Amino acid sequence: MQAKFVHGKILHNTGRGIFYRMEVAIPDRIDFVPGQFAMVSGWPGNDPLLPRPLAIFRSGGVRGKGTVEFVYKVVGRGTALLSGLHAGDPLALTLPLGHGFEFPGEDRSWWLVGGGVGFSSVFPAAAALDGQRADFEIFLGARTRDQLPPGEWIPGGAVPGRVHLCTDDGTAGFFGTAAAALRDRIDRGKSSGLARVAILACGPREMLKAVAELALPLDIRVQVSLESHMACGFGVCWGCVTAVRDGEKSVYRRVCREGPVFDAKGVVW
Amino acid sequence: MSASGTFGYGLEFTPFYDISRLGAVIVKGLSLLPTPGNAPGRIVETPAGMLNAIGLQNIGVERFVHEVAPRLEDAGAVYVANIYGRTTEEYEAVARRLSEVPALAAIELNASCPNVKEGGISFGSTAGGLSGLTRRVRAATGKPLWVKLSPNVSDIGAIARAAEEAGADAVTLINTLVGMAVDPRTRRPMLSNVTGGLSGPAVKPVALRMVWEACKAVKIPVVGIGGIQSAGDALEFLLVGAAAVQVGTANFRNPNACVEIVDGIRDFFVREKISRLDDYRGKLLLP
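Which chain is which? The protein sequence lines are A and B, in order.
First residue of the first sequence: 0, per numbering that gives the first Met the number 0; consecutive thereafter.
First residue of the second sequence: 0, per numbering that gives the first Met the number 0; consecutive thereafter.
Note that these hints are calculated values from the structure, not bench results.
No experiment lies behind these values; they were computed from the predicted model shown.
Beta carbons: idealized from backbone N, C-alpha and C, even for Gly.
Where hints are given, some of them may not hold.
What the hints assert, rightly or not - Below, in silico cross-link-like pairs of lysine to aspartate or glutamate (EDC-like), each with a Cα-Cα straight-line distance of 16 angstroms or less: (1) Lys282(B) <-> Glu212(B); (2) Lys3(A) <-> Glu11(B); (3) Lys3(A) <-> Glu164(B); (4) Lys248(A) <-> Glu226(A); (5) Lys218(B) <-> Asp266(B); (6) Lys8(A) <-> Glu22(A); (7) Lys3(A) <-> Asp17(B); (8) Lys142(B) <-> Asp154(B); (9) Lys215(B) <-> Asp154(B).
Said to hold, decoys possible - Some chain B residues near chain A, calculated using beta-carbon distances under 10 angstroms: (10) Ala23; (11) Lys27; (12) Ala38; (13) Ile42; (14) Pro46; (15) Gly48.
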């Protein structure tokens, strides 16, 4: 689907722990691939100047009317201003943007790894897999219990053994990082075979690197969703590049256009 | 017109609107060979502006001619190629190659990129350097030649005159102002290149003053650039004498910025009953 620039209106923008969940009415229904994002701005004046990239959490709508939903965390001035907006406030959005996760056709076990607010890219992938009744497990990492997303937001989370909560301080679930929990899962899976496992991950770069280093030597396909400072979000400023391998060379590719989802095998960490 | 470096190769905007509606699309700076650009981080947001140090990453002139230029023609766009070189000879070679592209309306010589040592600023920061470069490129191409000027000079009028005397058909200004941002906690610069080019609304007052001074200094058309976000901003540049304007950073926050500005200027002229641009352009009333 081609990107559009649209004006929307906030339906709700509600804080839940350290996260905000915001739903926006937009002129038309949009389809998106999990991992795609929107550039969002909604404050008057020129400071901050640039819109903010937010992963698309969900989209919906009927009869020519659309909605799009985001989950975000306040990390700077832009997201702080967004968190202060209310139902009825206008927003400007460019969406859907970027290259999302790929779901190759062959049967697989999918392991989805979300660190911090990275779950906002991973959950749409889980929702898509849940809709296909595919086999998947989710690894969610956070510093503490109160930085994990609410349980009812987790797609297909009711299936026993499907969701692995991980906290750095051990206040909930596995005592350690999501990557460490994944390492344990890989060890357990070695006896039954890992040939059909694929991993999708979004979170801090150190976490993504750790996941890639665990899985790639075992020939597990890993897709990672990278973050970067962006000015435009649709490929014209060339500000958000990351280094990826092109044969023997390292080249810069745009996180907003060729990414944010990259094959972890190609990323220069 | 779109400003170089803020509009990609133009085709990125075709999902948003018909790019043939613009006066011209100025494509991202082209060099003789593909250029990898600077390491990330390349951008930092600043109050009402942004710093960039992209380092002129581009696909090189051959790929542009073969892969992009025909598609721009198909899209109906009038386009202008912004060029740069590491040496005068490279500038000449790029200009010569682009002269063979019939649909290219003009060449914009970037003598002012602050982010690479060879991006022209070494030529563009003195009247003598700019004059020598312009003369050589002028001789290398039959296309209309525009020269994009650096604001990082002490006398913009003298620099604009040097370009005019060396054969430029127009001058475009301003390119970005050299700036810097540092992280107090990590004690490091926020751009890998240490310094970068400041653009956005924060630079508009400086740009407007420099365009006004350049308009007084030369007879060739002056194209105004710098922080234009709205039709009102563009009208200010026309009022001080600019023949046309380019819109840059605004494209990042609103992909429709250029056409909204075109429509806004038209609406203003209709509202004010101004039938010709020349009845308004340069009609600044001084105290």
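Quick rundown of the hints versus the structure:
1. Lys282(B) <-> Glu212(B): It holds: about 14 angstroms lies between the C-alpha atoms, which stays within 16 angstroms.
2. Lys3(A) <-> Glu11(B): holds, 12 angstroms
3. Lys3(A) <-> Glu164(B): This hinted pair is violated, its Cα atoms lying about 45 angstroms apart.
4. Lys248(A) <-> Glu226(A): violated, 22 angstroms
5. Lys218(B) <-> Asp266(B): With a Cα-Cα distance of about 29 angstroms, the restraint between Lys218(B) and Asp266(B) is violated, given a limit of 16 angstroms.
6. Lys8(A) <-> Glu22(A): holds, 9 angstroms
7. Lys3(A) <-> Asp17(B): With Cα atoms ~13 angstroms apart, Lys3(A) and Asp17(B) stay inside 16 angstroms; holds.
8. Lys142(B) <-> Asp154(B): Status violated; Cα separation ~28 angstroms.
9. Lys215(B) <-> Asp154(B): holds, 12 angstroms
10. Ala23: Cβ of Ala23(B) sits 16 angstroms from chain A, so the hint is violated.
11. Lys27: Check passed: Cβ of Lys27(B) comes within 8 angstroms of chain A, closer than 10 angstroms.
12. Ala38: holds, 8 angstroms
13. Ile42: holds, 4 angstroms
14. Pro46: At 5 angstroms from the nearest chain A Cβ, Pro46(B) passes the 10 angstroms test, so the hint holds.
15. Gly48: For Gly48(B), the interface hint holds, since the closest Cβ of chain A sits about 6 angstroms away, which is under 10 angstroms.
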